[in-house]
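If you want the building blocks of each chain, they are given just below.
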Amino acid sequence: ELKVEQNPLFLSMQEGKNYTIYCNYSTTSDRLYWYRQDPGKSLESLFVLLSNGAVKQEGRLMASLDTKARLSTLHITAAVHDLSATYFCAVDNNTNAGKSTFGDGTTLTVKP
Amino acid sequence: EAGVAQSPRYKIIEKRQSVAFWCNPISGHATLYWYQQILGQGPKLLIQFQNNGVVDDSQLPKDRFSAERLKGVDSTLKIQPAKLEDSAVYLCASSSEADTQYFGPGTRLTVL
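Residue numbers (the working numbering), protein chains in the order written: chain Z, 1 to 112; chain A, 113 to 224.
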């Protein structure tokens with residue numbers, strides 16, 4: 001059974017600081033997603049990572065994937081208040097592309 | 113392009129009652145997913161359809177939950193009878209093949 005673990009689960013940081021969220025998973029997979037969820041809202045896709053060494057960047061967020069270590073990171077650069085949200089990683093099952101297992105999320109609060 | 117539509121947005125019922133949720137995916141998306149998201153957790157896949165066929169329903173509590181997608185477009189998810197632990201947000205998502213999933217706004221179910 002595929003298990004996905006995120007850490008930290010809660011993160012409070014000052015504006016302007018950098019931090020990294022980690023996503024570990026238990027079995028081989030070639031496809032990993034990062035989503036953002038604002039309170040009371042649905043999930044918004046941020047990144048899709050499809051191969052070992054993949055790196056994608058959008059604004060102050062950068063995601064990377066190491067399939068050998070079964071690890072993805074979401075790096076936040078110079079955080080701003082608008083980045084406050086819950087971030088989920090999700091990993092696809094290699095035998096059923098599209099069946100995603102989600103982590104429990106990292107709730108990020110950026111303070112001025 | 114219209115997104116994934118869900119209704120109702122909120123529902124409050126008493127335990128042992130029945131409830132149904134409706135989802136209209138993005139036009140042309142063959143794959144449709146229903147997720148259950150309990151407060152403080154990541155979404156858990158309940159059922160995955162490819163057109164009108166079931167790809168995965170291994171985590172669907174079949175004694176009380178049922179879902180259908182008769183014409184390969186809209187889908188309904190039913191709970192009968194509901195239990196207190198079914199209180200959650202039910203998310204519908206759709207994708208084109210095994211691609212990025214696009215999520216609807218969700219239905220927040222409260223079982224009293």
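These are computed hints drawn from the structure, not numbers from a lab. Hints may be right or wrong, so weigh each one.
[Stated by the list, open to error] Covered stretches of chain Z (in silico footprint by chain A; criterion: 3 or more residues with CB under 8 Å from a CB of chain A, positions within the stretch not fixed): (1) 41-52; (2) 101-107.
[Stated by the list, open to error] 25 Å max Cα-Cα, derived SDA-like pairs, lysine to any residue: (3) Z:LYS41 - A:ASP175; (4) A:LYS156 - Z:ASN94; (5) A:LYS174 - A:GLY115; (6) Z:LYS99 - A:ILE124.
No experiment lies behind these values; they were computed from the predicted model shown. Built from N, CA and C at the ideal position, the CB exists for glycine as well.
Quick rundown of the hints versus the structure:
Requiring three or more residues with a Cβ within less than 8 Å of a Cβ of chain A, the coverage given for the region 41-52 of chain Z holds, as 6 such residues are present. Counting residues of the region 101-107 of chain Z whose CB lies closer than 8 Å to any CB of chain A gives 5, which reaches the minimum of 3, so the coverage claim holds. In summary, the hint linking LYS41 of chain Z to ASP175 of chain A is not supported, as the alpha carbons are separated by about 29 Å, beyond the 25 Å threshold. With a C-alpha separation of about 17 Å, the suggested pairing of LYS156 of chain A with ASN94 of chain Z holds against the 25 Å cut-off.
Straight-line distance between C-alpha atoms of LYS174 of chain A and GLY115 of chain A comes to about 29 Å, which puts the hinted pair past the 25 Å bound. Restraint check for LYS99 of chain Z and ILE124 of chain A: not satisfied, since their Cα atoms lie roughly 29 Å apart, outside the 25 Å limit.
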